[in-house]
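All chains should be built: construct the whole structure from the sequences, respecting the hints.
According to this note's numbering, the stretch in the sequence shown is residues 1 to 344, in order.
Accuracy of the hints is not assured; some may be wrong.
Pairwise CB distance ranges, derived in the manner of DEER restraints [as the list claims (entries may be wrong)]:
{"id": "1", "residue 1": "Asp45", "residue 2": "Leu235", "range": "49 to 59 Å"}
{"id": "2", "residue 1": "Ala225", "residue 2": "Leu12", "range": "18 to 28 Å"}
{"id": "3", "residue 1": "Trp294", "residue 2": "Ile204", "range": "36 to 46 Å"}
Derived by calculation from the structure, the hints in this document are not laboratory data.
All residues carry an ideal CB built from backbone N, CA and C; glycine is no exception.
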Amino acid sequence: MTELLQADYVPLFFAAVAVFCVTVYVLADGLDLGVGILFLFAPRDQDRDLMMASIEPVWDGNETWLVMGGTLLFAAFPAGYYILLPAFYLPIMFMLFALIFRGVAFGFRLQATRFRLVWDIAFFAGSVLATFCQGLILGGLIAGVPVENGMFAGGPFSFLNLLGVLCGVGLVGGYALIGAGWLIWKTDGATQVFAREIAHAALILTGAMMALVSAWSAWSVPEVAARWFALPNLLLLAPVPLVTLAVIVALWRGIWDGAQPRTFLLSLALFALGLIGLIVSLWPYLVPRHVTVWDGLSDPQSLAFLSVGVAVIIPIVLAYQAHAYWVFRGKTKHETSAYGGSGG
Numbered sequence: 001m002t003e004l005l006q007a008d009y010v011p012l013f014f015a016a017v018a019v020f021c022v023t024v025y026v027l028a029d030g031l032d033l034g035v036g037i038l039f040l041f042a043p044r045d046q047d048r049d050l051m052m053a054s055i056e057p058v059w060d061g062n063e064t065w066l067v068m069g070g071t072l073l074f075a076a077f078p079a080g081y082y083i084l085l086p087a088f089y090l091p092i093m094f095m096l097f098a099l100i101f102r103g104v105a106f107g108f109r110l111q112a113t114r115f116r117l118v119w120d121i122a123f124f125a126g127s128v129l130a131t132f133c134q135g136l137i138l139g140g141l142i143a144g145v146p147v148e149n150g151m152f153a154g155g156p157f158s159f160l161n162l163l164g165v166l167c168g169v170g171l172v173g174g175y176a177l178i179g180a181g182w183l184i185w186k187t188d189g190a191t192q193v194f195a196r197e198i199a200h201a202a203l204i205l206t207g208a209m210m211a212l213v214s215a216w217s218a219w220s221v222p223e224v225a226a227r228w229f230a231l232p233n234l235l236l237l238a239p240v241p242l243v244t245l246a247v248i249v250a251l252w253r254g255i256w257d258g259a260q261p262r263t264f265l266l267s268l269a270l271f272a273l274g275l276i277g278l279i280v281s282l283w284p285y286l287v288p289r290h291v292t293v294w295d296g297l298s299d300p301q302s303l304a305f306l307s308v309g310v311a312v313i314i315p316i317v318l319a320y321q322a323h324a325y326w327v328f329r330g331k332t333k334h335e336t337s338a339y340g341g342s343g344g
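Set out below in structure tokens:
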């Protein structure tokens, strides 16, 4: 077993598992964070009740993938973990507190009478803050982390840069788009009309930020520009932005005219394409331009223990989530949820 875990393909396997966990988290938790981002824009309290009811059965399971991704990074790639954690300590902590706060708001809002608006604001603010912090981490990762002698060499605010702010705004728009697509699929009536209307604004913001982040990354990070624009990469990678543009056009046309699940599924596809672009830009680095997946891999004994956990936990979580989505399939109705009624 130890000799098997020393093969050259082992870093690729664990990197693929980590990417899978991050991808599932972004796509799954993006829908309930997106619903939270749209929360205060809903015109009526009944709409907010229905929005929260639509994610009530699945939202807590979605965040399992965030924990799993962090655990994988710590166990499989400790060299990346002890550089990236201090580099992004502040946005990570603010993100976690925001996720906790919105979870508290989720429970308290159901019972609130006089202070329901306070919990509405808390749910919205926690969703926006958690999403924006993820963007700050993403932008800081693309821009690069200062490293000396294998250790983080920056200060507590080294993560702050324009690229991170652009990524944060883009993620807010992107998650809002996923949330709008989810509501189009899961609701009817006035709530669905609201979701269709706001989906256009979310798509405009998402598309604009994707273009701006791509251009700024290529201009400010020479390694990213070389990866995308040097031959033969330019010809090989050209389909990625072209397919992305096609998905944006299909989203725009399908918000009102397409089948109801289409906006949600295309928004997930748009995010998946963005993640492909990110992988292309950063591969094979855990810590861009400093630590690769081969340099940062853990020892074979730790990987053997981790392999057992991966083989057991991931199928269980996937089965649980698939069951939850299946059981609560179909349109969300007030009378089938704890959020029935006006909740005044």
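Going through the hints against the structure:
Take Asp45 and Leu235: their Cβ atoms lie about 54 Å apart, and the range 49 to 59 Å holds. Under the hint 18 to 28 Å, the C-beta atoms of Ala225 and Leu12, about 25 Å apart, fit the expected range. The supplied range of 36 to 46 Å is met by Trp294 and Ile204, whose beta-carbon atoms lie about 41 Å from each other.
The structure agrees with every numbered hint stated previously.
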